[in-house]
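Listed here are the chains, written in short residue letters.
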Amino acid sequence: MITIEKVSKHYGSFQVLTDCSTRVAKGEVVVVCGPSGSGKSTLIKCVNGLEPFQAGTITVNGVSVGDPKTNLSKLRSHVGMVFQHFELFPHMSITDNLTIAQEKVLGRNKDEARDKGLKLLDRVGLKAHAAKFPGQLSGGQQQRVAIARALAMDPICMLFDEPTSALDPEMINEVLDVMVELAQEGMTMMCVTHEMGFARKVANRVIFMDKGQIVEDDSKDAFFGAPRSERARQFLAKILQH
Amino acid sequence: MNYEFDWSSIPGALPFLWEGMKVSLEITVIAVIFGIVWGTLLAMMRLSPVKPLAMFAAGYVNLFRAIPLVMVLLWFFLIVPQVLRGAFNLDPNTDVRLTSAMIGFALFESAYYSEIIRAGIQSVPKGQVSAASALGMSYAQAMRLVVLPQAFRNMVPLLLTQAIVLFQDTSLVYVSALADFFGAAYKVGDRDGRLVELLLFAGAVYFVLCFSLSQVVRRLQKRMAMV
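Residue numbers (this note's numbering), protein chains in the order written: chain D, 1 to 242; chain R, 1001 to 1227.
It is possible that some hints are incorrect.
Below, computed lysine-lysine pairings styled on DSSO-like, alpha-carbon distance capped at 30 Å [said to hold, decoys possible]:
| id | chain 1 | residue 1 | chain 2 | residue 2 |
| --- | --- | --- | --- | --- |
| 1 | R | Lys-1126 | D | Lys-104 |
| 2 | R | Lys-1187 | D | Lys-211 |
| 3 | D | Lys-116 | D | Lys-104 |
| 4 | D | Lys-6 | D | Lys-104 |
| 5 | D | Lys-119 | D | Lys-69 |
| 6 | D | Lys-119 | D | Lys-104 |
| 7 | D | Lys-116 | D | Lys-26 |
| 8 | D | Lys-127 | R | Lys-1126 |
| 9 | D | Lys-6 | D | Lys-220 |
| 10 | D | Lys-74 | R | Lys-1051 |
| 11 | D | Lys-201 | D | Lys-127 |
| 12 | D | Lys-69 | R | Lys-1126 |
| 13 | D | Lys-69 | D | Lys-104 |
| 14 | D | Lys-201 | D | Lys-211 |
| 15 | D | Lys-6 | R | Lys-1126 |
| 16 | D | Lys-220 | D | Lys-201 |
| 17 | D | Lys-69 | D | Lys-6 |
| 18 | D | Lys-132 | R | Lys-1126 |
| 19 | R | Lys-1187 | R | Lys-1022 |
| 20 | D | Lys-104 | D | Lys-127 |
| 21 | D | Lys-132 | R | Lys-1187 |
| 22 | D | Lys-69 | R | Lys-1051 |
| 23 | D | Lys-26 | D | Lys-104 |
| 24 | D | Lys-116 | D | Lys-132 |
| 25 | D | Lys-26 | D | Lys-220 |
| 26 | R | Lys-1126 | D | Lys-116 |
| 27 | R | Lys-1022 | D | Lys-110 |
| 28 | D | Lys-26 | D | Lys-119 |
| 29 | D | Lys-74 | R | Lys-1126 |
| 30 | D | Lys-110 | D | Lys-238 |
| 31 | D | Lys-74 | D | Lys-110 |
| 32 | D | Lys-74 | D | Lys-127 |
Keep in mind the hints are simulated off the structure, nothing from the lab.
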């Protein structure tokens, strides 16, 4: 589904990604972790072309992201993305947040978009909040709406960029529960996250990044059982301590 | 020195002064509308990655912000009538002063509006554009549906304040002998030898209008801060 091959990226003379290669098969859940500044958010943003890259290729469902001839908007419309800071549109009601791209990008009619949006809102347990505005919801609720908004586009895969790291601890689980459910339904997912509990529960593979490189790309059991690199061992020791 | 105030020429002149006020308001409204539309386009050009567009917009804004309004108005008063007459084959006696004043104001004010709007666009977090793009929206759609509505909401007080300044500045059209509110007051005062009274009256009217409008803006700001 997603193929990343020898991708490198730099801002001026600062190298952010070096020779990153990996793939995510259909139905697979891949967790990307690593210390902050390791390039994991940048890598996931390269997948839907939000961040340009200078070398290498990324294909999503056979479409090359870096090719200037590719219609990026069209590609993005069926690759769902969830952001660290939710990024709901604050000037629109929850319902409008869920329907606007369905109508303006996919060309669905109002009723169809509304039905779909409300169905997904119900699925993330927030049907009662349809008429509210994002500012009236808690962080966890906003993030669940953001997931529903991405799902409303019928994505072929989902990208999560640290979806729980801006949340208060008591709200993390409500978001992870939605993600676990999604993974169990067979959604193809690439998740940048530090939630190792989530990784243990649903990930097929774990990628560990450091200093812009993919240091480790292993099955979940191999990664948690015996990480091959010293850096991954140290990282795991640090975040599993608590 | 004893000056005897005599306000008696004002009541009779009110209809004439009202005509002048209509001219002032007309210029203000046209310049605000045009200024916001053209200003938005300039702001978007200035923020665009296309270098020539950004340079054109920056040049335009810097040029107009570096010359006095009165001079711009005089230029337009001297140049635009000739251009308009040439372009539309108008009778040389047609009065195009109002049109040239409006064009001058609109082009001048759009430079100021574009700076306000640019700041407004930049006040919307970058993540909003990312989110809109990630949903498959084009750049134009992201601007129109997501960024500009939020930017304008943040900008309403500033845009209105600029409109108040603009309304005051319309008095500068007296250089083209156009009878706006100030010009009308001046003419009446000159005719009746009561310049002091008429100018005090005009000043009071400007003050009441602008002060009450700025109070409205303040209230609006407070209300928006609460939401």
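Status of the hints after comparison with the structure:
no.	hint	verdict
1	R/Lys-1126 / D/Lys-104	holds (21 Å)
2	R/Lys-1187 / D/Lys-211	violated (76 Å)
3	D/Lys-116 / D/Lys-104	holds (15 Å)
4	D/Lys-6 / D/Lys-104	violated (35 Å)
5	D/Lys-119 / D/Lys-69	violated (36 Å)
6	D/Lys-119 / D/Lys-104	holds (19 Å)
7	D/Lys-116 / D/Lys-26	holds (24 Å)
8	D/Lys-127 / R/Lys-1126	holds (29 Å)
9	D/Lys-6 / D/Lys-220	holds (23 Å)
10	D/Lys-74 / R/Lys-1051	holds (26 Å)
11	D/Lys-201 / D/Lys-127	holds (27 Å)
12	D/Lys-69 / R/Lys-1126	holds (25 Å)
13	D/Lys-69 / D/Lys-104	holds (22 Å)
14	D/Lys-201 / D/Lys-211	holds (27 Å)
15	D/Lys-6 / R/Lys-1126	holds (28 Å)
16	D/Lys-220 / D/Lys-201	holds (9 Å)
17	D/Lys-69 / D/Lys-6	holds (20 Å)
18	D/Lys-132 / R/Lys-1126	holds (23 Å)
19	R/Lys-1187 / R/Lys-1022	holds (16 Å)
20	D/Lys-104 / D/Lys-127	holds (23 Å)
21	D/Lys-132 / R/Lys-1187	violated (57 Å)
22	D/Lys-69 / R/Lys-1051	holds (22 Å)
23	D/Lys-26 / D/Lys-104	holds (28 Å)
24	D/Lys-116 / D/Lys-132	holds (18 Å)
25	D/Lys-26 / D/Lys-220	holds (17 Å)
26	R/Lys-1126 / D/Lys-116	holds (28 Å)
27	R/Lys-1022 / D/Lys-110	violated (44 Å)
28	D/Lys-26 / D/Lys-119	holds (25 Å)
29	D/Lys-74 / R/Lys-1126	holds (21 Å)
30	D/Lys-110 / D/Lys-238	violated (49 Å)
31	D/Lys-74 / D/Lys-110	holds (20 Å)
32	D/Lys-74 / D/Lys-127	holds (29 Å)
Hint compliance for this structure: hints 2, 4, 5, 21, 27 and 30 are broken, all remaining hints hold.
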